[in-house]
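One line per chain: the protein sequences are A and B, in this order. When you read off a place in the first sequence, starting at 1, and then add 53, the result is the number in this note's numbering. When you read off a place in the second sequence, starting at 1, and then add 48, the result is the number in this note's numbering.
It is possible that some hints are incorrect.
[Unchecked claim] The calculated label-pair distances, taken between Cβ atoms and stated as ranges, are:
#1 B:K140 to A:K83: 29 to 37 angstroms
#2 A:R157 to B:F282: 27 to 35 angstroms
#3 A:A172 to B:G162: 39 to 47 angstroms
#4 A:A172 to B:Y255: 12 to 20 angstroms
#5 A:S139 to B:V134: 15 to 23 angstroms
#6 B:N236 to A:K72: 20 to 28 angstroms
#7 A:K72 to B:V134: 56 to 64 angstroms
#8 B:A58 to A:S109: 28 to 36 angstroms
#9 A:G69 to B:G162: 42 to 50 angstroms
#10 A:T111 to B:S232: 54 to 62 angstroms
#11 B:R64 to A:A172: 27 to 35 angstroms
[Unchecked claim] Just a few of them, taken from the derived set where beta-carbon distance is under 8 angstroms, the chain B residues facing chain A:
#12 L50
#13 L54
#14 C55
#15 S125
#16 D126
#17 E262
No wet-lab data here; the hints were simulated from the structure. These figures come from a predicted structure and were not determined experimentally. Ideal placement from N, C-alpha and C gives every residue a C-beta, glycine not left out.
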Amino acid sequence: MSDFVIETNNLTKQYGEQKSVANLSIHVKKGRIYGLLGRNGAGKTTTMKMLLGLTSPTSGEVRIFGKSICTNEKKVLSRIGNLIESPGFYPNLTGTENLKIMARLRGVPNPNAVKNALAVVGLPYMDKKLFSQYSLGMKQRLGIANAILHDPELLILDEPVNGLDPIGIVEVRDFIKRLSAEQGKTILISSHILSEMALLADDIGIIDHGVLLEEEGLEELEKKNSRYVHFIVTDTSQASRILEADFHTSNFHIDDDRNLRLYDTEIDVAAITRKWIESGLNVSEAHTQNDTLEDYFKQVTGGEGIA
Amino acid sequence: MLDLILCEFAKIKRQRFILLSILAACLFPIPLTVLVAKDSLHFEQLFKLVVTFGNFLLLPCVLSVAACVLFFMERDSDMLKNLMTVPVPKTKLAAAKLAVLLIVAVLYSMAGLGATIIGGLVVGAVEGVAFKLGLSVILGIMLFVSVLPVVILIVCFNKSYIFSIIIAFLYSVLNFGIALNMMSFAPNSIFINILPGPVIMRWWSSYWSGLSPEYFAIRKPYMLSTPVCAGILFLIAAISMPLISISYKKQED
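Given only the sequences and the hints, what does the whole structure look like? Please build it.
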């Protein structure tokens, strides 16, 4: 029996010549929040659609709760709550009416399920406002309420904080964290917002152009982030020659003619500064820094940043 | 399946078109009642007029538009992805939508009869209510079958409402025109043996009362027995329903 709630094996989706997702193998552990991080168009939504059987993969395999989604669709899907792309509901019905339809179709036994789900996301029960009159934030909240309506073990949420105001974002983030921490739910969440993922996810998968570039726990990822000493000197060429000749290191990076980053943090900064000053260089700044996740993402994806 | 049908009814809440069409079925007999009263005709004539124009002309149009509303609902609201992940099989969803259409057809037919009875009380004595109620229910079911071919086109093309409604109206008017002028065709003509509108009209005409022996003799070759009519309609339904289901299943999410 696999330890993973979601496991994909070389999952590929091809539209014509274009590979939207290529040989993707992700592993989502039970009770964890897995953040699928990537820019818009990186293949996050397509991946999630394949996990839910909404689109069939060109090749590869999806296993959820240890079962293949293709042959166990009914058993598997009934244990999943999802929010894919923008939330879609019947515009001529209220939020409550929409959720009542979903509750009936899902066979939810709890008569208060709709009321509870709406309360969790802060929407009124039996309100007269039609879905077509909802704001984007309200629609998103209703989408989340629909995802949790049947108390699923696994939640697959595609950019759930899209369209929410800052307070709404914090509320949804806290709610997702609580679901994982208090109820042990497994959550796969996608986002293009790095800072959001850093605050929410336990594990992160970085996807770019349909390819999974990195899959790691957030802690490990943060440990990987480089620590360095940032110097501002009058001549980085001369400074680099001194580093190589006198301190026997080439583990540094010259940003421009004044900025230099030394990754070899074992060397005594005072000794370096002294040597540079003796050689006629002016050192105006020297301080230790860590690369941010943003820097790391740039590094992994080959230089392009993320929001 | 019952849950799916109940949900389909819940979805059409505030869809004014369906309520308006039932209301139209109730209002339609009013001008006909005035005409019948003016010419001092019987309730039988009023019923015949209401069925001919209300059921054979209006009902297929109403059902086609209702089919557009029902089959385009998920596409327009982006709701299909929610239903697919329940999961609700598309074949069952299509079957539930057809069941709603059938119920609407029967309700429309019965509403029309109800209004006709009120009109009948105005023009004189109302007779054979139980028979007419049964006939209305059967006509509702038969006319539901008659729109299935156009539902195939609506689902298959999956285009705009305007496009689908134009197709539906053309189909309905063609059926009605041929049904009304069936005697312009030979009794074995393909038009009046395959098109469901004329087939139903031929069956219904065998229940007309008050025909003179000469006129009955002229009409007789055009009358269809219940087994023949039911057989043709069953064949249409047996071909149409799987095609609707397949077309709906093939639609892209």
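The hints, checked one at a time:
The hint said 29 to 37 angstroms for the Cβ distance between K140 of chain B and K83 of chain A, and at roughly 32 angstroms that hint holds. Judged by the Cβ atoms, the range 27 to 35 angstroms given for R157 of chain A and F282 of chain B holds: they are separated by roughly 32 angstroms. Taken as a hint, the range 39 to 47 angstroms holds for the pair A172 of chain A and G162 of chain B, whose Cβ atoms sit roughly 44 angstroms apart. Taking the beta carbon of each, A172 of chain A and Y255 of chain B are about 59 angstroms apart, not inside 12 to 20 angstroms as hinted.
Look at S139 of chain A against V134 of chain B: about 19 angstroms separates their beta carbons, and that is inside 15 to 23 angstroms. At roughly 59 angstroms, the beta-carbon separation of N236 of chain B and K72 of chain A lies outside the given 20 to 28 angstroms, and the hint is violated. Distance hint check for K72 of chain A and V134 of chain B: the Cβ-Cβ separation is about 30 angstroms, which falls outside the suggested range of 56 to 64 angstroms. A beta carbon spacing of about 30 angstroms between A58 of chain B and S109 of chain A agrees with the range 28 to 36 angstroms that was offered as a hint.
Distance hint check for G69 of chain A and G162 of chain B: the Cβ-Cβ separation is about 57 angstroms, which falls outside the suggested range of 42 to 50 angstroms. Checking the proposed 54 to 62 angstroms range against T111 of chain A and S232 of chain B shows it holds: the Cβ atoms sit about 57 angstroms from each other. Separated by about 32 angstroms at the C-beta atoms, R64 of chain B and A172 of chain A satisfy the suggested range of 27 to 35 angstroms. Interface hint status for L50 of chain B: violated, as the beta-carbon distance to the closest one in chain A is roughly 10 angstroms, over 8 angstroms.
Interface hint status for L54 of chain B: upheld, as the beta-carbon distance to the closest one in chain A is roughly 7 angstroms, under 8 angstroms. A hinted interface residue such as C55 of chain B counts as satisfied when its beta carbon comes closer than 8 angstroms to some beta carbon of chain A; here the least separation is about 5 angstroms, so the hint holds. The beta carbon of S125 of chain B comes within 5 angstroms of a beta carbon in chain A, closer than 8 angstroms, and the hint placing it at the interface holds. The interface hint given for D126 of chain B holds, since its Cβ lies 3 angstroms from the closest Cβ of chain A, which is under the 8 angstroms cut-off.
Annotation: E262 of chain B was flagged as interfacial toward chain A, and the flag is violated, the nearest CB pair being 55 angstroms apart, outside 8 angstroms.
Checked against the numbered hints given earlier, this structure breaks hints 4, 6, 7, 9, 12, 17; the rest are met.
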